[in-house]
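> Build the full structure now, drawing on both the sequences and the hints.
Numbering (our numbering), first residue to last: 91 to 271.
These are calculated hints, taken from the structure and not from any lab test.
Any given hint might turn out to be false.
To be verified - Below 20 Å or equal to it, Euclidean Cα-Cα: the simulated EDC-like pairs (lysine to aspartate or glutamate) are:
no. : residue 1 : residue 2
1   : Lys182    : Glu206
2   : Lys96     : Glu239
3   : Lys148    : Asp210
4   : Lys148    : Asp192
5   : Lys182    : Asp210
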Amino acid sequence: ASLHLKDLHGLAFGAGPGSFTGVRIAAGVAQGLGFGANLPVVGVCTLMALAEASGESKVIACLDARMGEVYHAVYVRTASGWQAIIEPGLYKPDAVPAVVGDDWVGVGSGWQTYGEVLADAYRGQIQSTQPALLPIASAVLALAQPTFESGEAKPAGDAMPIYIRNRVALKTVEREQGLRL
91 ASLHLKDLHG LAFGAGPGSF TGVRIAAGVA QGLGFGANLP VVGVCTLMAL
141 AEASGESKVI ACLDARMGEV YHAVYVRTAS GWQAIIEPGL YKPDAVPAVV
191 GDDWVGVGSG WQTYGEVLAD AYRGQIQSTQ PALLPIASAV LALAQPTFES
241 GEAKPAGDAM PIYIRNRVAL KTVEREQGLR L
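Put into structure tokens, the structure is as follows:
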């Protein structure tokens, strides 16, 4: 494409949750390009981007967080956009928060890895799943657009990842003791 950085009015990026390295790279690229071109940035929650990419209106978004856990959030599409019914959090697949009602759509890699466990947790409330769905760029842009239009985008230096898991590794002593995260 013949699009150049100077042609842009801002940068949107998937801020997480997700892989530690992936969200750091996304935030770092947004910061670097934003500083270099003096562009504002908007970080978008990857779980909400999954909901947007799904094309559905009642979404249980789950990303495989590794270590036997999922990043999880529940969203409903309203006239004014997505409303978080359950904010993003980190859960064991068999301990996800309950939802009210039926006809929910499960999206994201958590459904691929822990589909049976999650289906059991939601006992017949799931209409369908989209386990291979990714938080695609067009969804990130659609969610960031209102923030750009309202003038609420942030300076590039404020591009920060969304971290939910505080601990990503065991100390050597803990590993030697056979502990697991």
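> Starting from the hint list further up, note which numbers the structure goes against and sort them upward.
Those not satisfied: there are none.
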